[in-house]
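Participant: Given next are the chains, with one letter for each unit.
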Amino acid sequence: MKGEVIISFDDSSKDLILDSLGLKKDKDFLIDSKGNSIKNSRNEKIKHSEFGGVLQGSKIFIKNDVDDVLEYVYNQI
Amino acid sequence: MDILTLLSSIPGLKIDCSKNTTVNIHVGRDYISQNGKRIGGEQEIEKILDEIKKSKNNDSLPLQIINKDQEKELSQTENKSLKNSEIKLLKDNLPKEEIKPILLAKAIHNSILKKETKETINKLLETLENKYPKKGKRILNLLTAGYFDELIIPMINLCNGNKNKNFKEFYLKSIDFHPTAIFVNKDTTTHQIHTEIKKRLKQKTIPQIKIHAIGTQNIQTKNNAIKLLDVDSKIEINQTKRPNLNTIEEITIIKVIKNFE
Numbered sequence: 001m002k003g004e005v006i007i008s009f010d011d012s013s014k015d016l017i018l019d020s021l022g023l024k025k026d027k028d029f030l031i032d033s034k035g036n037s038i039k040n041s042r043n044e045k046i047k048h049s050e051f052g053g054v055l056q057g058s059k060i061f062i063k064n065d066v067d068d069v070l071e072y073v074y075n076q077i
Numbered sequence: 078m079d080i081l082t083l084l085s086s087i088p089g090l091k092i093d094c095s096k097n098t099t100v101n102i103h104v105g106r107d108y109i110s111q112n113g114k115r116i117g118g119e120q121e122i123e124k125i126l127d128e129i130k131k132s133k134n135n136d137s138l139p140l141q142i143i144n145k146d147q148e149k150e151l152s153q154t155e156n157k158s159l160k161n162s163e164i165k166l167l168k169d170n171l172p173k174e175e176i177k178p179i180l181l182a183k184a185i186h187n188s189i190l191k192k193e194t195k196e197t198i199n200k201l202l203e204t205l206e207n208k209y210p211k212k213g214k215r216i217l218n219l220l221t222a223g224y225f226d227e228l229i230i231p232m233i234n235l236c237n238g239n240k241n242k243n244f245k246e247f248y249l250k251s252i253d254f255h256p257t258a259i260f261v262n263k264d265t266t267t268h269q270i271h272t273e274i275k276k277r278l279k280q281k282t283i284p285q286i287k288i289h290a291i292g293t294q295n296i297q298t299k300n301n302a303i304k305l306l307d308v309d310s311k312i313e314i315n316q317t318k319r320p321n322l323n324t325i326e327e328i329t330i331i332k333v334i335k336n337f338e
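Protein sequence lines, in the order shown, are assigned to chains C and P.
Each residue of the first sequence is one higher than the one before, starting from 1 at the first, in the numbering used here.
Each residue of the second sequence is one higher than the one before, starting from 78 at the first, in the numbering used here.
By construction, these hints were calculated from the structure, which means they are not laboratory data.
Cβ coordinates follow ideal geometry from the N, Cα and C atoms, glycine included.
Do not take every clue at face value.
Said to hold, decoys possible - No more than 25 Å apart at the CA atoms, straight line, and that leaves these computed lysine to aspartate or glutamate pairs for DMTMM-like:
| hint | chain 1 | residue 1 | chain 2 | residue 2 |
| --- | --- | --- | --- | --- |
| 1 | P | 211 | C | 19 |
| 2 | P | 200 | C | 32 |
| 3 | P | 173 | C | 71 |
| 4 | P | 191 | C | 32 |
| 5 | C | 45 | P | 326 |
| 6 | P | 318 | C | 19 |
| 7 | P | 145 | C | 19 |
| 8 | C | 39 | P | 128 |
| 9 | P | 192 | P | 326 |
| 10 | P | 177 | P | 253 |
Said to hold, decoys possible - Partial chain C-side listing against chain P, Cβ under 8 Å, derived:
| hint | residue |
| --- | --- |
| 11 | 7 |
| 12 | 8 |
| 13 | 9 |
| 14 | 13 |
| 15 | 31 |
| 16 | 34 |
| 17 | 35 |
| 18 | 44 |
| 19 | 64 |
| 20 | 77 |
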């Protein structure tokens, strides 16, 4: 079966998603299981409050901001 | 088991298996939903989270995970109906900060064409106005009125597709002041339209001016401005109408007659 799946989350389910991705909060920022900071495509650390999701294609983390979405789409062109 | 196969086992979840498709599912704290309709509870959430956990150490994920605040921006800008060759042409000739508002304007245009809900369109419009207060609406107007297809993109080839200032200059000037088009919105006054028309008529190389107005109120404002013009043999005025969503768009064309003696 072919197709794309988009899972959306909200503030109430954000931590469930982060947990399933193996991410946790270090002070305000997100880190992975190895303690590495989670960054967006512009190399900016992402805060827990800013977490926007993970997009396909080499696990691109984004902030909850349209700039990151547009950056992602731009890079796909 | 791939993610789609897993999801297809959830009763109530709609997946069109006949073609490539996009499945949008929302995960709440203790439910999952599709198109606003609850289709599962904690058990279904666990299944989805388990699939994500299986992939967490891989270099990529089998799905997109996005905050619901950005979901529409993503799905509409990624819309496969974008003419990628044209966007690529623009990308090759304009800096990134000029492409991004075009992508967002394209997303809004796609939403309008797909008859998305008013809420979705308004949210995207608000994003456009907040992020690009000066140029966003202008780009959207030019895009929806067909000026990108008819003029801007063909101009790339005319400028030989070089990354030189000619096309970029032309593009930036077009966004700032389009010499042959005026767009009326709810905040535009009769006096403003009249002033804009006269500004363009002073430019001797302009063959015509198109004034676009959508909706009864805007059309009335436009027509009031036209009435203020000194209509003489130097210009010819015509009007066309076309349906636009659930309303009408009226376009007044002012043709400049050359060589008047």
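Participant: All hints, please: hold or fail.
Facilitator: Now for the hints, and whether the structure bears them out:
1. P/211 x C/19: violated (41 Å)
2. P/200 x C/32: Distance ~33 Å between residue 200 of chain P and residue 32 of chain C Cα, so the pair is violated.
3. P/173 x C/71: holds (9 Å)
4. P/191 x C/32: violated (39 Å)
5. C/45 x P/326: violated (46 Å)
6. P/318 x C/19: violated (55 Å)
7. P/145 x C/19: Cα-Cα ~18 Å, so holds.
8. C/39 x P/128: Answer holds: residue 39 of chain C to residue 128 of chain P is near 23 Å, not above 25 Å.
9. P/192 x P/326: Cα-Cα ~17 Å, so holds.
10. P/177 x P/253: At roughly 17 Å apart (the allowed maximum being 25 Å), residue 253 of chain P and residue 177 of chain P satisfy the hint.
11. 7: Cβ of residue 7 of chain C sits 5 Å from chain P, so the hint holds.
12. 8: For residue 8 of chain C, the interface hint holds, since the closest Cβ of chain P sits about 4 Å away, which is under 8 Å.
13. 9: holds (5 Å)
14. 13: This hint holds: residue 13 of chain C lies near chain P, its Cβ roughly 5 Å from the closest one there, short of 8 Å.
15. 31: violated (13 Å)
16. 34: Where the cut-off is 8 Å and the nearest Cβ of chain P is about 10 Å from residue 34 of chain C, the hint is violated.
17. 35: violated (15 Å)
18. 44: violated (16 Å)
19. 64: holds (5 Å)
20. 77: holds (5 Å)
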